[in-house]
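Colleague: Chain residues, written in single-letter form:
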Amino acid sequence: MSKNPPANRVSVIAWFVRGTWRNIKRVIPRAYAFALAFVICYLTYQALAYLIIGLLRPASSPPQITQLPRRMDASLLKMDRSSWLALDATDRPRTPPSHYHRIGDWIEPDRQSGCTTSGCHSSLPHNERKEVRAFLNMHATSVHCGVCHMKTDRAPLSLTWYDLSSGNSTNPPAILQAYGLLTSDEYEKNRETPDSDYQSELVRLLKLAAKEADNLPALKQLADHVSAVRATSDEFKLLLVQAREALPRHFRGEYGAKIGMRGVGGDPILTHPNTEKLIAQYLEQKDTIKGRDRKDLLDRIHPLRRDKPLDCSACHRKTDSLIDFARMGYPPARAKALVDPVVVEMIENINKGVPFHLPEFINPKR
Amino acid sequence: MRPEVNMTRRRIFHAVLALTTISIAASPLSADDPDNCLLCHQFRGLGRIDNETQKIHAFYVDPDYSHLRQGPHARLACTDCHERTEVVVVPHQPVSRVDCARQCHLSNPNGIDRRFSHDPIESMLASSSHTLETLGGLDFDGGPLLDKDQSSCLYCHDEPYFRLPLDVAPQLADATERGIDRCNVCHAETVPIDVEYDLNHMLARLQPSRSPLEIAQTCAVCHSDSKVTVEHKMSDAVASYVRSFHGKATLLGEHHTADCLSCHVRAGENAHLMLGKDNPLSSVHAQNVANSCRSTQCHPGADPAFATAAVHLDIPTAHGTIEYALAAIFIFLTIFTFGPSALLVILDLLQIIVGRVHHPSARIEKLTHEMMANSEGRKRLKRFSPGQRVQHWCLTILFVTLVLTGFPMKFADRAWASFLVDLFGGLSIARNVHHWSGILLFLGFSFHVVQVVISSLRTAKRAGPDGRPLGLVKAWLAMPMWISPQDIRKTMQLFAHLLFLRKERPTFGRFSPAEKFEYLGVFWGTMLLGLTGALLWGEQYASRFLAGKTFNLATIAHTFEAFLAVIHVGILHIYNVIFAPKVFPLSPATITGNTPVEKLVEEHSEFVEDAAMELGFSVKADPTA
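Taken in order, these protein sequences are the chains called P and A.
Taking our numbering, the leading residue of the first sequence gets 1375, the next gets one more, and so forth.
Taking our numbering, the leading residue of the second sequence gets 114, the next gets one more, and so forth.
Bear in mind the hints are in silico, worked out from the structure with no lab data behind them.
Being a predicted model, the structure only gives us computed values, none of them experimental.
Errors might be hidden in some of the hints.
What the hints assert, rightly or not - As a list, the in silico DSS-like pairs of lysine-lysine whose alpha-carbon atoms are at most 25 Å apart:
| id | chain 1 | residue 1 | chain 2 | residue 2 |
| --- | --- | --- | --- | --- |
| 1 | A | Lys168 | P | Lys1504 |
| 2 | P | Lys1651 | P | Lys1669 |
| 3 | P | Lys1504 | P | Lys1452 |
| 4 | P | Lys1651 | P | Lys1452 |
| 5 | A | Lys479 | P | Lys1504 |
| 6 | A | Lys603 | P | Lys1660 |
| 7 | A | Lys168 | P | Lys1452 |
| 8 | A | Lys479 | A | Lys495 |
| 9 | P | Lys1660 | P | Lys1452 |
| 10 | A | Lys712 | P | Lys1399 |
| 11 | P | Lys1682 | P | Lys1669 |
| 12 | A | Lys495 | A | Lys603 |
| 13 | P | Lys1563 | P | Lys1581 |
| 14 | P | Lys1651 | P | Lys1664 |
| 15 | A | Lys616 | A | Lys603 |
| 16 | P | Lys1399 | A | Lys695 |
| 17 | P | Lys1692 | P | Lys1682 |
| 18 | P | Lys1726 | P | Lys1710 |
What the hints assert, rightly or not - With the Cβ distance kept under 7 Å, some of the chain P side facing chain A (calculated, not the full set):
| id | residue |
| --- | --- |
| 19 | Ala1421 |
| 20 | Ala1423 |
| 21 | Thr1515 |
Backbone N, C-alpha and C define an ideal beta-carbon position, used for all residues, glycine too.
Please build the complete structure, drawing on both the sequences and the hints.
Modeller: Structural data, given as C-alpha cells:
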C-alpha cells in the first residue's frame, strides 16, 4: 500500500481495497508454492522412507492375516468389528482359537444403551446367578436393561421399540410384521385368492427383515423366492406355507431394534437422566470408593432403578404379563409361544434355580 | 415347447415343492437339531463374562449352520460332541472338554446312523511336525490361546463350513437348488439319500475347504506369533509368504493361488501329515520342492530349477544374498536419481516463496513474441510434433493402466489395493489387463526405437561441417535427447542459481536436461520393465533357460523400477506439467505442442534463438541491454 493515503472516504476505501488486492495477489502464489513444496517434500519423504524401511526392517504379517480376535475376552465387546480387519477379509472369519462355533457378527454391543456406552456395564451384564445369568443375557439383543431394571407403576409396561442405529422409536421389527401377515386372516384369504399387494408387502417386509438381521441369507433367499413368482400362481401359495413355517426359526432377537421403556414424549428411555457427571465420577473412583459412599453414588447414578428387578415370569406368563406383546407388534402366534405353559414352567424352574431335565417336548424324536 | 410337456414340468415342480414344504412343515426342528438345543442356543446373547478372568463364555451357535446344512458337522447332534448326561440338565452340568476323537453318529435318511471318529488324525499328527506334544507345549505371546484340556485341534480348526466353488461357477448356487428338487423326486423316499448334504459336500470338496487367506490366517496363529517363532527358531513364514506373488494374490482375494498347504502338503496326502522342510519326506525338502512346484495344478511345465525361486523371500533378513544386493542397488539408484530431481523442484518453488524474481533477457522475450506473432515462427517453436504427442498420450494411458493394475500387487496389504483390483473385476482380469498393457507399451516403445533409428540414419547421411556425411556414430551422438557435458554443466549452474550462489539462471535448448533425463528414464525403464515382466509372465518357459534365482532378481528389478517410475512421474512429472505455476492448470505442450511463452523465454531461450536464426529473425544482442 502506498504510504500516503488519500483524504476523502471513498478514496480511502478504494485505496484500501486496491492495496489489499495487491497484497493478496502477492501472497497467493507464495502460498501456492509453499503448499506444493510441502506436498512434494512429504511425498518424497514417504516414498524414500518406504524404500529404506523396506530394506532394513523384517516384514510382519499384515492385519488382514493377523487382526483376528485371539481370545474370548470381555475386551472383545468393547471393540468395533472394524477393529478386526481380518474378520472382514474373508467370508467366514475364524473364531478365537478357544472357541469352536463361529461367532460371526455377535460382537456388536448396543451403541444406544447408556448402560453399556457409559463403560459401566458390558453387553453381557449378568454374571452372578449361574441358573439364570446366560438366559438373562440372552435377552440383551432384543430388550433394553431398563425394561426389567427401571421402575414404573404401569402395568403392562409402557414400552417402545427403538432403532439400534439411531436410538429413536421405531416400528415393530419387520420379521414380526411379516409373520403377522402370514398368520393373519389375510393369509387365508390369499391362500384362496392371492393378491399382488399382499405379495409386495410380504416381499418388502422379508427384505427388510433380512437387512435388520445382518443381511441374513436365509431371509433374503426367501424374499427372492416370494418375489420371483406371480401372486396368482400355485407356487406363490406353496411359498406362503413355506414362509409361514420358516419365519419362526428367525425369531432370535436380531431385529435391528430392541424393546425399551417408553418415555413421556414417546421416545425410549435408554439411560438414567442427568447422570453423566456422576458416571464420570464413579468411573474415576470405582477402585477406591467403598461402602456407604459407593452405594450412595450408585443410587444417584441409577435414579430410575427398581429396588428389585423384574424376574422372567413377570413377562413370560399366560395372564397379566407385564409386556403387552400384541401392542408391541408381536403376532398372536408368536405372543402365544412366548407365554406357552411349557415355556413358562421351564422359566419358572430356571428362575427358582431348580435344576431340571429338559422336558420331552424339547426332543420331539424321543 | 409343447403344452403337455410344459404341463408335466409344472406338475413335477408342484410335486417337488409340495414335498419340500411338507418335509419342512412336518419336522421343523427335529431333522437338523434333534435335541432342540437351538431353542436357546440360537440367541447371540446367550453367554456370560467371567468376572475374575474376564473371559467370555459364549454359548451361541449359528442356527443356520444346522438348518441350512452349511457344513459337514450339520449332520451331527450337539450331543455327538457334548456329553448328553451333562447337557440334558438345566443349568447344564460342568461340561467336560470336547474330545474331537470321540465317536459320533452320522444321521442317515435311511434311519441307520453311521459311526465316525477323527481318531486316525491323532496318529497322523504323531508322525508330522505338528505332534500333539509340540502343539500342547506352544507358548504364545500374551498367554495361552486355549483353555486347559481344550483340544489342540482348535489351533487350526473351527466349525467347518462347506465352501462351494461359487467364484468359479456362480450358477452352482441356483443349480444346487434345482438339482436337489430333481434328485428328490426319487431320492426323497424311494432311494433315500440326503441329496442337499451330499451335493454340497461333493461340490465343496472340488476345492480346498478354506480360501488361501483363511489358511494363511490359520497358520499365522502360530507361525506369526512372536514368541512361538522365537522359541521354535522360525521366521515369520506367513509374513514372507504374503510378500511373494502367491501371498499377494491371496491378500487380493484370489482363490486360485498357492496357499500354505499347496506347497507344504504332498499331492494327495493328508494335511495332518505335514513335515518340516528338513525332513526328506517333506514336500518342501530340497529334493522334493521342485516336484511340488511342478504339480499339475501349479507350474506343470516348469524346469526343476524353477523351484529355487524363493517363495519366502524377505529381503531385510536376506543379508549377503544377491537379492539383497540388487534391492540395495535399486534403492541407492532411486535416491540418487529421484532425489536431485525432487530437490530441483523444491528449490524452484523456494524462489517463489522467498519472492526471488528472475528477469529473463528482454531481447529473448521480444524475440519470442516476434516469433509467436509469425505463423512460421509459431510452428518452429512447437517443441513436440503431432506424432510425438500421440506417442506421449499412448504412453500416458498405458502407464496409468499399468500402475493401476500393477501397484495393487506391490501394495497388496493396503485397502486401496483390493478396491482397485475389485474395480477391474478381480485379480485375474487385472493381471490380464496388466500383461496386455505391457505388450502394447513395448510395441509402442519398439515403434519409437525404429523412428529413432530411421532418424539417425537420415542424419548420418547429411553433410557435416566439413561437407562430408556425418556418419552413424556422430548422428547417434547428435540426437537431441542425449545428455551432453554442456547439460551437466548447465544443471550445476541451475543448482547454483537456485541455491543463491549464482545470479544468472541458465537457459536451455529445445529440451531441458530434466526433460532429457525423464526421457532416458522412460527409455531404460520400459526396457527393464518389459524384459523382467516378460520373464515373470512366462516363468514356466523361461525356467528352462534360467535359474530360479533369476525370477527373484526379475521380481526385485520389476518392482523397484516400477516404483521409481511411479514416484518420478507421480510426483515430479505431474508437478512439471500440471501444478508448476508456469503451466498450471495444464501444460499445453503435449496437447497443442505449444510451450507457454514465459516458459520458453525462461528455460528454452537457446531453442528460440536457434529457430529465429533459421528463419532469419534478427537475434543480435541489444547493446543497450
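Colleague: Hint by hint, note whether the structure agrees.
Modeller: Cross-check of the supplied hints:
no., hint, in the structure
1, A:Lys168 with P:Lys1504, "holds (15 Å)"
2, P:Lys1651 with P:Lys1669, "holds (16 Å)"
3, P:Lys1504 with P:Lys1452, "holds (23 Å)"
4, P:Lys1651 with P:Lys1452, "holds (21 Å)"
5, A:Lys479 with P:Lys1504, "violated (95 Å)"
6, A:Lys603 with P:Lys1660, "violated (73 Å)"
7, A:Lys168 with P:Lys1452, "holds (13 Å)"
8, A:Lys479 with A:Lys495, "holds (17 Å)"
9, P:Lys1660 with P:Lys1452, "holds (19 Å)"
10, A:Lys712 with P:Lys1399, "holds (21 Å)"
11, P:Lys1682 with P:Lys1669, "holds (15 Å)"
12, A:Lys495 with A:Lys603, "holds (23 Å)"
13, P:Lys1563 with P:Lys1581, "holds (23 Å)"
14, P:Lys1651 with P:Lys1664, "holds (19 Å)"
15, A:Lys616 with A:Lys603, "holds (13 Å)"
16, P:Lys1399 with A:Lys695, "holds (15 Å)"
17, P:Lys1692 with P:Lys1682, "holds (22 Å)"
18, P:Lys1726 with P:Lys1710, "holds (23 Å)"
19, Ala1421, "holds (5 Å)"
20, Ala1423, "violated (11 Å)"
21, Thr1515, "holds (5 Å)"
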